[in-house]
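Enquirer: Sequence:
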Amino acid sequence: MKQFEVYRNIRKRAMIMGLSISLFALMMVSIICSLLIIIFSFHFGVIVGLLLFNALLYGALLQWVKKPFQLKVVQTFPKTISLKQMNPIDYV
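For the working numbering, add 39 to where a residue sits in the sequence shown, where the first one is 1.
It is worth saying that the hints were derived from the structure and are not from the lab. Here a beta-carbon is modelled for each residue, glycine too, at the ideal position from N, C-alpha and C. A hint or two may mislead.
Stated by the list, open to error - Cβ-Cβ distance ranges computed for the label pairs, FRET-style: (1) Cys72 with Lys105: 23 to 33 Å; (2) Ile120 with Leu90: 47 to 57 Å; (3) Thr115 with Phe81: 47 to 57 Å.
With these hints in hand, go ahead and build the complete structure from the sequences.
Expert: In structure tokens:
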């Protein structure tokens, strides 16, 4: 019998141009901001710099997708939460 995956699991693995959807959205925001900067500044150096920046950002995001770094999450909360007052005086 054929099994189908849940739709949200398919969306998690969706890739556009080798990037996940959230990283692709970040890339598109960067490109749109770069186009706005290019429209309002007509310097050749700015255009070349922004093209280089977007190319480097795309390369960095591709490397991050291939080999994501692991974040070590330090436990910030105690294992048990209690309403008991932490008082050194013992009322007997």
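Enquirer: Determine for every hint whether it applies to the structure shown.
Expert: Hints and how they fare:
{"no.": "1", "hint": "Cys72 with Lys105: 23 to 33 Å", "verdict": "holds (25 Å)"}
{"no.": "2", "hint": "Ile120 with Leu90: 47 to 57 Å", "verdict": "holds (53 Å)"}
{"no.": "3", "hint": "Thr115 with Phe81: 47 to 57 Å", "verdict": "holds (50 Å)"}
Of the numbered hints given earlier, the model fails none.
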